[in-house]
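Protein sequence lines correspond, in order, to chains Y and X.
Those letters in the first sequence? Residues 1 to 339, per UniProt numbering, in order.
Those letters in the second sequence? Residues 1 to 219, per UniProt numbering, in order.
Calculated from the structure, these hints are not laboratory results.
One should not assume that every hint holds.
[Stated by the list, open to error] Restricting the straight-line Cα-Cα distance to at most 30 Å, the calculated cross-link-like pairs of lysine-lysine (DSSO-like) are:
| id | chain 1 | residue 1 | chain 2 | residue 2 |
| --- | --- | --- | --- | --- |
| 1 | Y | K97 | X | K215 |
| 2 | X | K215 | Y | K133 |
| 3 | Y | K139 | X | K215 |
| 4 | Y | K83 | Y | K112 |
| 5 | Y | K269 | Y | K184 |
| 6 | Y | K139 | Y | K184 |
| 7 | Y | K112 | Y | K133 |
| 8 | Y | K114 | X | K215 |
| 9 | Y | K97 | Y | K133 |
| 10 | X | K215 | Y | K111 |
[Unchecked claim] Only part of the chain Y face toward chain X is listed, based on derived beta-carbon distances under 7 Å:
| id | residue |
| --- | --- |
| 11 | N52 |
| 12 | R78 |
| 13 | K81 |
| 14 | K82 |
| 15 | M86 |
| 16 | H90 |
| 17 | N92 |
| 18 | L94 |
| 19 | S96 |
| 20 | P106 |
| 21 | L109 |
| 22 | Y137 |
Since the model is a prediction, treat every value here as computed from it, not as a measurement.
Glycine residues also receive a C-beta, built at the ideal position from the N, C-alpha and C atoms.
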Amino acid sequence: MIEIRNVHKTFTRKGQSIEALRGVSLNIAKGDIFGVIGYSGAGKSTLIRLVNYLERPTSGEVFVQGEPLSGYSPAELRQVKKKIGMIFQHFNLLESKTVFDNIAIPLVLLKKSKQEIRERVTELLEFTGLSDKAASYPKELSGGQKQRVGIARALASNPSILLCDEATSALDPQTTKSILELLKRINEAYNITIMIITHEMAVIQQICNKVAVMERGEIIEQGNVLDVFGSPHHPTTQSFVQTVIHNSVPQSVLNTLKAENGRRLFKLKFVGGAASEPIINSLIRRFEVNVNILFANMTEIQQTTLGNMILQMHGENTVIDQAAAFIVSQGVEITEVEA
Amino acid sequence: MFDTVITSEQLFQALRETVVMVGVSLFFGALLGIPIGIVLVITRPGGILENRFIYAVLNPLINIIRSLPFIILLVAIIPFTRLLVHTSIGTSAAIVPLIVYVAPYIARLVENSLLEVSPGILEAAEAMGATTFQVIWHFLLPEAFGSLILTMTTATIGLVGATAMAGTVGGGGIGDLAISYGYQRFDTFVMIVTVVILIIFVQGIQSAGNRLARKARRD
Ligand SMILES: Nc1ncnc2c1ncn2[C@@H]1O[C@H](COP(=O)(O)OP(=O)(O)O)[C@@H](O)[C@H]1O
Ligand SMILES: [Mg+2]
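Here chain Y stands alone, though its shape is the one from the complex (with noise of 0.2 Å):
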């Protein structure tokens, strides 16, 4: 659906140079939410952006469709851009029009009857639960009833792909799950293909499938979202995968357990299918050791849970390496965790 192939971008301020993207290259699927994820100042939305052409590569390309986009006349791109809808953080709304209006311009843009343009727009008011808000000025609304009519926008031309740029940075949390939640059903009812930008890691987890994250102009890490949830590589993936799942040991339980002999300290991970409770229970009626659960989470991605659970075992050496061992022949991930 959307390629792009190790694309360089340098932009030049006063003869200084900034190298903002060097050497991306991503594959979105029909379908996908494709995440990306970075600091500010990683290149996420010069990254986005090229997808649309409002930023053109200074080397490389990007396919949209399988078409490269360098290959279209401007008339041509005005075109493709029409199938390509758009978000931002700051809405962008027009304020001298009201929500109506505002909906109805791509509409206009494509020289509609009005008729047609009155049955689209409704349409997109309902879907976005706007309908009484038809006649309101952006002025009026709250910033989640902004975006939602940034959204009723985008999809008006009946879009293949939809852009979004730091969507809900400016929206509190409550208000970004339900613009999440009406991504996620714009994705399945019209199976529009989604590419987000976000700085925010809980935006990741909650509706998207692929992730990628960026440093510095480059893709560090890409994957499913379980995946990259579940073992995270560079350390700035797992800086960012913490801020939703918490699966360090608390410096201050460490120092409790520092001075005790013949305990050892352990990190599980599940995936899935492997049930933590039942392994804990065998772990016990076989092995001669003593269990204490210091920490247990659950994270839901992708409606597969992945757990965390630190464990302490106390006894023989050889026997929590023989326990060790029995877990992972559970399916289960354990490392050693130096006290």
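On the provided structure of chain Y, position chain X with the ligands as indicated by the hints.
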């Protein structure tokens, strides 16, 4: 009651002349100035239709005309005026330099109004695949409408001031009355009446402009 030399007919005649001069030159000034202002905005570096050449010609040209005092402009373009209206005196002869004076002024004010439109709006327009004309017509102008009304208000008031000097070429008008009777012949009554009329004029234009702009901005 008052010791004055002018008649009420003269006063009404002057009033009519001022309204005609301001109205006609505002109309043609806007007709020229608004498109020039738009061209300045879209061709400027970073604009939606960036064009170094057009911008580099238009920008200083406007500055040059704007730096001329109206009275100098009035005299300097007499040959041009004669070419256009076949006379160099009277109300219609005054209107030509008034247009030349106000058009660049309007262009600059329009430019400023349009530059106030948030870049995000233009980004949204570009993302929607709008043509340059569509960006101007459906995004820039509606978003700047309230500000443009204030712009035209300011231009109108500037014109009222400039018409006072139109007397130099026999243009007439309230301002001319104030200068030739009130000032040069020490007719205090004419002085007071004309000044009061000018104040009412300017106040009226300003508050009407403010009200319209408020309505357009939905404050
Ligand atoms: N139009 C531009 N001109 C110059 N530098 C730019 C421009 N756009 C972005 N940059 C620079 O490119 C880098 C990446 O910016 P951006 O893509 O906006 O990052 P992010 O969205 O991840 O915060 C930053 O250093 C930024 O200053
Ligand atoms: Mg950004």
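Verification of the hints:
Our distance criterion of 30 Å between C-alpha atoms is met by K97(Y) and K215(X), whose separation comes to about 13 Å. Pair hint K215(X) plus K133(Y) holds up; C-alpha atoms about 20 Å apart against a cutoff of 30 Å. About 14 Å separates the Cα atoms of K139(Y) and K215(X), which keeps this hinted pair within 30 Å; it holds. A distance of roughly 15 Å separates the Cα atoms of K83(Y) and K112(Y); the hinted pair therefore holds under the 30 Å criterion.
Proximity of K269(Y) to K184(Y) is assessed by CA-CA distance (about 28 Å); at most 30 Å being required, the pair is judged to hold. Note on K139(Y) and K184(Y): the hinted pairing holds, with a Cα-Cα distance of about 27 Å set against a maximum of 30 Å. The straight-line distance between the Cα atoms of K112(Y) and K133(Y) is roughly 22 Å, inside the 30 Å bound, and the hint therefore holds. Note on K114(Y) and K215(X): the hinted pairing holds, with a Cα-Cα distance of about 26 Å set against a maximum of 30 Å.
Proximity of K97(Y) to K133(Y) is assessed by CA-CA distance (about 12 Å); at most 30 Å being required, the pair is judged to hold. The hinted pair formed by K215(X) and K111(Y) meets the criterion: a straight-line CA distance of about 28 Å does not exceed 30 Å. Because the closest C-beta pair between N52(Y) and chain X is about 6 Å apart, less than 7 Å, the hint holds. Taking 7 Å as the C-beta cut-off, the interface hint given for R78(Y) holds, the closest approach to chain X being about 4 Å.
Interface restraint check: K81(Y) against chain X, minimum CB-CB distance 3 Å, threshold 7 Å, status holds. Satisfaction of the interface hint for K82(Y) is found here, the shortest Cβ-Cβ separation to chain X being roughly 5 Å, below the 7 Å cut-off. The beta carbon of M86(Y) comes within 4 Å of a beta carbon in chain X, closer than 7 Å, and the hint placing it at the interface holds. A distance limit of 7 Å between C-beta atoms decides the matter here; for H90(Y) the minimum to chain X is near 6 Å, and the interface restraint holds.
Interface restraint check: N92(Y) against chain X, minimum CB-CB distance 4 Å, threshold 7 Å, status holds. A distance limit of 7 Å between C-beta atoms decides the matter here; for L94(Y) the minimum to chain X is near 6 Å, and the interface restraint holds. Of the supplied interface hints, the one on S96(Y) holds, with its beta-carbon coming within about 5 Å of a beta-carbon of chain X, less than 7 Å. Interface hint at P106(Y): satisfied, since its Cβ lies 5 Å from the closest Cβ of chain X, which is below the 7 Å cut-off.
With a cut of 7 Å, the hint placing L109(Y) at the interface with chain X holds, because the nearest CB-to-CB distance is about 6 Å. Contact between Y137(Y) and chain X, as hinted, is supported at the beta carbon level, the nearest pair being about 6 Å apart and thus within 7 Å.
Every hint, counting from the list given before, is met by this structure.
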